[in-house]
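Model the full structure from these sequences, guided by the hints.
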Amino acid sequence: MADYLVIVESPAKAKTIERYLGKKYKVKASMGHVRDLPKSQMGIDYDNNFEPRYITIRGKGPVLKDLKSAAKKVKKVYLAADPDREGEAIAWHLAHALNIDETSECRVVFNEITKDAVKDAFKQPRNINMNLVDAQQGRRILDRLVGYNISPLLWKKVKKGLSAGRVQSVAVKMIIDREREIEAFTPEEYWSIDGLFKKDKESFEGSFYRINNEKVKLTTKADVDKVLKRLENDEFYIESVKKKERKRNPSLPFTTSSLQQEAARKLNFRARKTMMVAQQLYEGIDLGKKDGGINGLITYMRTDSTRLSNTAQEEGQSYIKATYGEEYLGSPRKTKTNEKAQDAHEAIRPTSAYRDPAKLKSVLSRDQYRLYKLIWDRFTASLMAPAVLDTMTVQMIQNGVQFRANGSKIKFKGFMKVYIEGNDDNTKEEDKLLPDLEEGMTVKSAKIEPNQHFTQPPPRYTEARLVKTMEEKGIGRPSTYAPTLDTIQRRGYVTLDNKRFVPTELGEIVIELVKEFFPEVINIDFTVQMESDLDKIEEGEVEWVKIIDDFFSGFKKRLDYAEAEMEKVEIKDEPAGETCEKCGHEMVYKMGRYGKFMACSNFPECRNTKAILKEIGVDCPKCKEGQIVERKSKKKRTFYGCDRYPECDFLSWDKPISRPCPKCNEMLVEKKSKKGTQIQCSSCDYKEEPQK
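Just so we're aligned, residue 1 is where the sequence shown starts under the UniProt record's numbering, counting upward by one.
Take the hints with a grain of salt, since some may be wrong.
[Unchecked claim] Simulated pairs of lysine-lysine, DSBU-like, Cα-Cα distance not exceeding 30 Å:
| hint | residue 1 | residue 2 |
| --- | --- | --- |
| 1 | Lys242 | Lys201 |
| 2 | Lys273 | Lys15 |
| 3 | Lys447 | Lys156 |
| 4 | Lys536 | Lys473 |
| 5 | Lys39 | Lys156 |
| 6 | Lys413 | Lys447 |
| 7 | Lys266 | Lys215 |
| 8 | Lys26 | Lys72 |
| 9 | Lys266 | Lys26 |
| 10 | Lys447 | Lys201 |
| 11 | Lys198 | Lys156 |
[Said to hold, decoys possible] Derived DEER-like restraints, expressed as beta-carbon distance ranges:
| hint | residue 1 | residue 2 | range |
| --- | --- | --- | --- |
| 12 | Asn608 | Ser192 | 48 to 58 Å |
| 13 | Leu496 | Lys447 | 40 to 50 Å |
| 14 | Glu625 | Lys447 | 48 to 58 Å |
| 15 | Glu541 | Leu613 | 50 to 60 Å |
For the record, the hints were derived by calculation from the structure and aren't laboratory data.
For glycine and all other residues, C-beta sits at the position ideal for the given N, C-alpha and C.
Right under this line is the structure:
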């Protein structure tokens, strides 16, 4: 019989921790929250200081009964939910449900699920931190007041199933504002003049820089022609050569936001998937008996800090010294702490630097391995020496026309031996070498080529860019990014086009109504201030009731006004240009969980629906009768199939093209990679050069 009961959030974590603690401890899982506000009603008493009315969550009755039964059989109960506001609130709800004194030393927290960390945590239990609980309650009640008051109004005035959350509305507004910027953007013409130069047998590239050390704007072809007219021959005199050594520091370890951004760039993971896989790595992976059984591989993955513990730094440095040599050791760097960051936990890092990803590949799924390697690489690189680059800038002149060429060479890889941070443009880090040039030499131009360009509008938000912008502005917190992005897509307010957010008509209508009647809800400054106020609750500087009361007094007036003045909005279904083959009525476009689809306008009498098929102009190579169309899987991945499905079951994840393979006459497909789009045969080894 166990002497102690430990309650954690997930069964996977329970198994790991029970093994660490031994026979005196029984570890059970609450499966997250056991109590919450009721779903079917507001659950907040306006007249009694916004007192929340908590109920047992539907389906959690048996879990709670089991926990109560187990609690009666032990000397003491420890509450070991996650080490954040949400975890503290879960512990507090459990304490209430199980009649545990919240002022007793019943709360245990650990930032990583390893034997030493867990055992150390149980040596220093504490009471439940009510400031953390109140901060979570304040957020929960604030979001309930906004969502449960505005959402029914939108149901009544627009359509059922809509919602208007505090953070999600700001996110949608940001996407709409960006779309407006793109629509209002006027491209401006500009030109560049690029040259290919030769010194003996070596060639290098350079670009027009200035005329007689003065800047010249190349806005038209006429401006370019004036420059080119000054060039008399192909000989350029080298007037200056500057050589410098430049150091480049490694990136700091991951926060929640930077992990989501980098996983999107390098692994093509959505924010939700990144957090799901990270949770698995945190809770524990069975490494086999030889390597200690189930172990958590990373520290807690909801954090806005880049700080590393002294122990982690020492172990990481020891690993680097033993593996790469002392010259690769970096000196300790000060972490940058954003003024909006809570800094409650250290950065996301491996629980042991010695758990090399390559050694764990056999026990991890593909996704687990790739994300773990990303986290391990970033952590290790952050402790390594800067990279050293030799840079060279060469300035060439002819008749006052100056061209400039830049080159760089990695002299010492340093941290780049392990990891290089990605970028949104997918450009690769590589040497750009120049010949050995000296002042006074002459070089010849093999080609001088003017190029016309037009300024580009700001890019649409990818998930990574939106998360980064939300973090920079202080909107939401690490735990809210992934669910917010998921919600705005499920509601149909935005869609993803080529992995970039595009607002829908529905999203624009909802945000316009919220903007007109509840301007503070989509005001970025207001949202940021509210996040700051919620942080003050956590720090014990202010009572949560005051924050809610200050907000609600003005919000209630606007709510009453909106109830009376908001006009009903009719969203007409867009005709699809087809008739229903079942009843003859017109087919219309509808928005569903997985995006747009076609449905019969005679609904509910006729329930015929069809997927929207986008032809790509390629005949089906299998049945020779149908057309290849673009389709979406349930996970929103694009694939290609025959429009005669199910009669023809042709399917391809790669986009077919209209011409056949010149080698075997089979189907050619497009494959996308960081190098560009490559055309290759689906049957033989024929490949064409990638096109950017």
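Query raised in the report: CB of Glu541 to CB of Leu613, is that within 50 to 60 Å?
Result: For Leu613 against Glu541, whose Cβ atoms are near 58 Å apart, the range 50 to 60 Å holds.
Query raised in the report: Within a Cα-Cα threshold of 30 Å, do Lys26 and Lys72 meet the stated pairing?
Result: Given that 30 Å is the threshold and the Cα spacing comes to 12 Å, the pair holds.
Query raised in the report: Within 30 Å, alpha carbon to alpha carbon, are Lys266 and Lys26?
Result: violated (41 Å)
Query raised in the report: Does the Cβ pair Leu496, Lys447 satisfy 40 to 50 Å?
Result: Holds, at about 41 Å.
Requested in this report: With a cut-off of 30 Å on the C-alpha distance, tell me whether Lys536 and Lys473 pass.
Outcome: With Cα atoms ~18 Å apart, Lys536 and Lys473 stay inside 30 Å; holds.
Report task. Given the hint that Lys39 pairs with Lys156, test it: the Cα-Cα distance must not exceed 30 Å. Result -> holds (18 Å)
Query raised in the report: Between Lys413 and Lys447, is the straight-line Cα distance small enough, at 30 Å or below?
Result: Not satisfied, since the Cα-Cα distance of roughly 34 Å exceeds 30 Å.
Query raised in the report: Within 30 Å, alpha carbon to alpha carbon, are Lys266 and Lys215?
Result: violated (38 Å)
Query raised in the report: Between Lys273 and Lys15, does the CA-CA distance stay at or below 30 Å?
Result: Within the cut-off at roughly 23 Å; holds.
Report task. Take a look at whether the Cβ-Cβ distance between Asn608 and Ser192 falls inside 48 to 58 Å. Result -> holds (55 Å)
Query raised in the report: Given the hinted pair Lys447 and Lys201, is their alpha-carbon gap at most 30 Å?
Result: Roughly 15 Å between the alpha carbons, so the hint for Lys447 and Lys201 holds.
Requested in this report: Compare the distance between the alpha carbons of Lys242 and Lys201 with 30 Å, and conclude whether the hinted pair is satisfied.
Outcome: holds (22 Å)
The structure fails to meet hints 3, 6, 7, 9, 11 from the earlier list, while all remaining hints are met.
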